[in-house]
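Top line first, the protein sequences correspond to chains A and B. Using the UniProt record's numbering, count along the first sequence one by one with no gaps and you end on 366. Using the UniProt record's numbering, count along the second sequence one by one with no gaps and you end on 366.
Worth flagging that the hints you see were computed from the coordinates, not collected in a lab. A portion of the hints provided could be inaccurate.
One copy or two, either will do: identical chains are not told apart, so a pair holds if it fits within one copy or between any two.
Claimed, not checked - DSSO-like mimics (lysine-lysine), calculated; alpha carbons at most 27 Å apart, straight line:
no.: 1; residue 1: K205; residue 2: K6
no.: 2; residue 1: K162; residue 2: K204
no.: 3; residue 1: K360; residue 2: K6
no.: 4; residue 1: K48; residue 2: K312
no.: 5; residue 1: K320; residue 2: K288
Listed below are the residues making up each chain.
There are 2 protein chains.
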Amino acid sequence: MIHPTKEVSIAVIGAGGVGSVFLQQLAYVASRRRSPEIRLVYVAIIDKALYHADYQHIEIATALSALEAKGGPLPSISQTVEYLSRAPGKAIVVDNTSSQQIAEAYPQFLRHGFSVVTPNKKGFSGSWSLWQEIFDAEGTDGSMIYHECSVGAALPIIGPLKRLIETGDEITRVEGVFSGTMSYLFNNFAPTQGSGGKWSDEVKKAKELGYTEPDPRDDLNGLDVARKVTIVARLAGLAIESPTSFPVQSLIPKELEGVTSGEEFLQRLSEFDAQMEEHKATAAKDGKVVRFVGRVDVASKQAKVGLESFEKSHPIASLKGSDNIISIYTKRYGDLPLIVQGAGAGAAVTAMGVLGDVLKVLERIR
Amino acid sequence: MIHPTKEVSIAVIGAGGVGSVFLQQLAYVASRRRSPEIRLVYVAIIDKALYHADYQHIEIATALSALEAKGGPLPSISQTVEYLSRAPGKAIVVDNTSSQQIAEAYPQFLRHGFSVVTPNKKGFSGSWSLWQEIFDAEGTDGSMIYHECSVGAALPIIGPLKRLIETGDEITRVEGVFSGTMSYLFNNFAPTQGSGGKWSDEVKKAKELGYTEPDPRDDLNGLDVARKVTIVARLAGLAIESPTSFPVQSLIPKELEGVTSGEEFLQRLSEFDAQMEEHKATAAKDGKVVRFVGRVDVASKQAKVGLESFEKSHPIASLKGSDNIISIYTKRYGDLPLIVQGAGAGAAVTAMGVLGDVLKVLERIR
Chain A
1 MIHPTKEVSI AVIGAGGVGS VFLQQLAYVA SRRRSPEIRL VYVAIIDKAL YHADYQHIEI
61 ATALSALEAK GGPLPSISQT VEYLSRAPGK AIVVDNTSSQ QIAEAYPQFL RHGFSVVTPN
121 KKGFSGSWSL WQEIFDAEGT DGSMIYHECS VGAALPIIGP LKRLIETGDE ITRVEGVFSG
181 TMSYLFNNFA PTQGSGGKWS DEVKKAKELG YTEPDPRDDL NGLDVARKVT IVARLAGLAI
241 ESPTSFPVQS LIPKELEGVT SGEEFLQRLS EFDAQMEEHK ATAAKDGKVV RFVGRVDVAS
301 KQAKVGLESF EKSHPIASLK GSDNIISIYT KRYGDLPLIV QGAGAGAAVT AMGVLGDVLK
361 VLERIR
Chain B
1 MIHPTKEVSI AVIGAGGVGS VFLQQLAYVA SRRRSPEIRL VYVAIIDKAL YHADYQHIEI
61 ATALSALEAK GGPLPSISQT VEYLSRAPGK AIVVDNTSSQ QIAEAYPQFL RHGFSVVTPN
121 KKGFSGSWSL WQEIFDAEGT DGSMIYHECS VGAALPIIGP LKRLIETGDE ITRVEGVFSG
181 TMSYLFNNFA PTQGSGGKWS DEVKKAKELG YTEPDPRDDL NGLDVARKVT IVARLAGLAI
241 ESPTSFPVQS LIPKELEGVT SGEEFLQRLS EFDAQMEEHK ATAAKDGKVV RFVGRVDVAS
301 KQAKVGLESF EKSHPIASLK GSDNIISIYT KRYGDLPLIV QGAGAGAAVT AMGVLGDVLK
361 VLERIR
C-alpha cells in the first residue's frame, strides 16, 4: 500500500545568483511532478519575506517579483519555525544564502521535522559542535538534510562519499582542487603547456571575469578551500574542530594583509609576483606544475590546504578552465581513486544540485 | 507522522563474484540498520534455490553455505513471483546474474510491486521494447528499479545522468572508455609515454591477469561497450533499437571470426598485430594515442563504438590501469563536461554499487 503525501510545503531563503535560478528550475520541476505536490509557502531575502497566514501557494515562477512587490519584514527564526510547523504536509527549508545565522538554525529546523537542503557551507564547515548538533537533530520526525552543493556544486561528491561509507567501504584519502577560482588562476598561471601569465595579472583577469569574490582576498586566503576540506574530512570520519584548526596556506602576501581595500590590494599585488614565480620555477625544475590543493589523510588524521607540485600528466595538473577535481581513495577502490571532475561553481549547476537534493527529499518523504 | 515499514523482503539471485561479495556487504549493512528490517527470503543460483514457505529469514552471512547444503530445485519465474507476492512487507529482487531470462522478468516483478536492483546490463541494453516495458511497469504499487552498476560499476553515472535530466538539464553528448578490459589493453598497448607492447601480447597478458572474459573475443567484439552505450544513449533520450543498431567496431580480425576456440584465437592473434600497429602509428603521427571509445551525440541522434585518437593530454588518453572514464556534456555544464573516472569493474566495487542501489530503495520504500 502506498500512502502518498499529498503536499509538501517549501520555504526558500535567498534569491541571489543561485537562489533565483533555483526558483526557475523548481518551477519547471513542480509543473511536471504529480506527487507530492509542491506548495511554496515562504520566500525570503535578506530583509524581506513573503508568506501567507493561510499558507496560500506562492506561484513559483513569479515568486521573486511578488516578494519584491508584496514582501513584508523578515520574521525571526523562531517565528519562521512557528509558521512552518503548521504548514500543510512536511516542510522543506531550502537555504540558498551563505548566512551563518541561518546555518545555525538547521538543528532547530530538523528537530521540528523540517528537512533542510542547502549549498551553504557554513553549517558543515564551522564549529564541530554545530556539525554534531545538525546530524544529531537529523531524523527527528523523518527530517533529512542534504548539502551536495556545499562541495563542488552539483558534482556527485558528498552523496557518493556518504554511500561508500554506508556500504562499509573506508575512505583512506581525498585530494583535489576544490575552488573554481584557484583552478582558473593556476591553470593559467602555470599551464602544462606554455609559460603562463604573471600572477598578479591572472588575479586581475579572474576578477574582471567574475571568477573571484568581490574582494579576491576572500579566495586567496584559502578559507573557502579549507571549509570544503573540513566537510569532506568530517564525512570521511575525522573530527575536524574548525576550518582553521589545520594548516591552510594563504596566498595573500604578509605585507598586504593589513591593506584595507580590495582595490589597493590588487594594485600592489604585482610587487609580490616574484614569490609566486619562485613556486612556479621550483615545480618546473622537476618538470611539474604548481596547484592549490586540499588534502585529507584519514590514517594520519590530517587535513591541509596549500600549494603542491604535480607531474603534468596528473589529472590535477591537466585540469581545464575553472573546473574542480576531487579524487577519493578508498579501501575497495584501491590504488586508483574514484575521480569526479567538472564545474564546481556557477548559478545554473549549483541551483541544479540544490534541486537534485530537493528531489531526493521528495522521493523519501512520507 | 512517520509510518516506518517494519520489514522488507529481499530475494537475491546469483552468487558469482559480485553476488557472493554482495551478500557479505549486505550482512554488514543489515546488522547496522534498524528500519526497515531486512528479511532475506530467497537466494538462488543457476540451478538451485533456498526459500521457506513461511518466509523464515535466511541468515545473510551464511546464506550461500545454507543454499549449498539445503537448496532445492529452482522454481520458475512465475512460482518466484507467486512466492514473493506474499512475502512480509515490500519485496526487492536483487539480480546479480547476467541472465537474459531474468532480465525479461523485470516487468513482471515491477508490476507486482517488487523493486528491482541489478548490475545486469541485459534488461537495459537489449530490445527497445523490453526497455519500454520495464520503465512502463516501474512505479506500480511503488516499485522502483535501480541499475547504477550496469554502466561503470559503482561509479556515479546513471544516477547523476537521470538527475540532470529530471532537473531540466539537457544531455548533449557522452563519451568515454566504458570497458575496463579495453582500458587496460589500450593503456598498455599505446601508452602516453613509451612505445607499449605488441597487441597480441597485451591481450594474452590481460587474459592471464583475469581482465578479460574467459574467451577474450567477448571483449574484443565491442558488444560489452555497445551495451553500455545503448543504456547511456537511452537515458539521454535516444530510442536506440538495440546494441547492434549502430556502428560498433570489432577488434576481432575478420579471418579469425570463424575460429572455434578462444585458445586457437589467442594463438593466431599475433598474425594480425600489424593491423593494430597501423592504428597506433597513424595516431602517433599526430602525436596522439589510440583508444577504444563509446560515444553518444544527442543532437544528431547517433551512437558509435570504436577506435579513436586522442591528444596525450586528453583525460581519455591519460587514463590508468583498467579505469573507466565517462564524460557527460550538458547544456548547463557547457564546454567542459562532468567527468567521472575510476574502477568500472571488480567484485568489491560492483557489489558496493548494487548495495548502494538497495539502500536507495530502502530509503524510499513506504
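A quick look at each hint next to the structure:
no.	hint	verdict
1	K205 / K6	neither (51 Å within a copy, 59 Å between copies)
2	K162 / K204	neither (38 Å within a copy, 39 Å between copies)
3	K360 / K6	both (17 Å within a copy, 22 Å between copies)
4	K48 / K312	neither (50 Å within a copy, 54 Å between copies)
5	K320 / K288	both (16 Å within a copy, 19 Å between copies)
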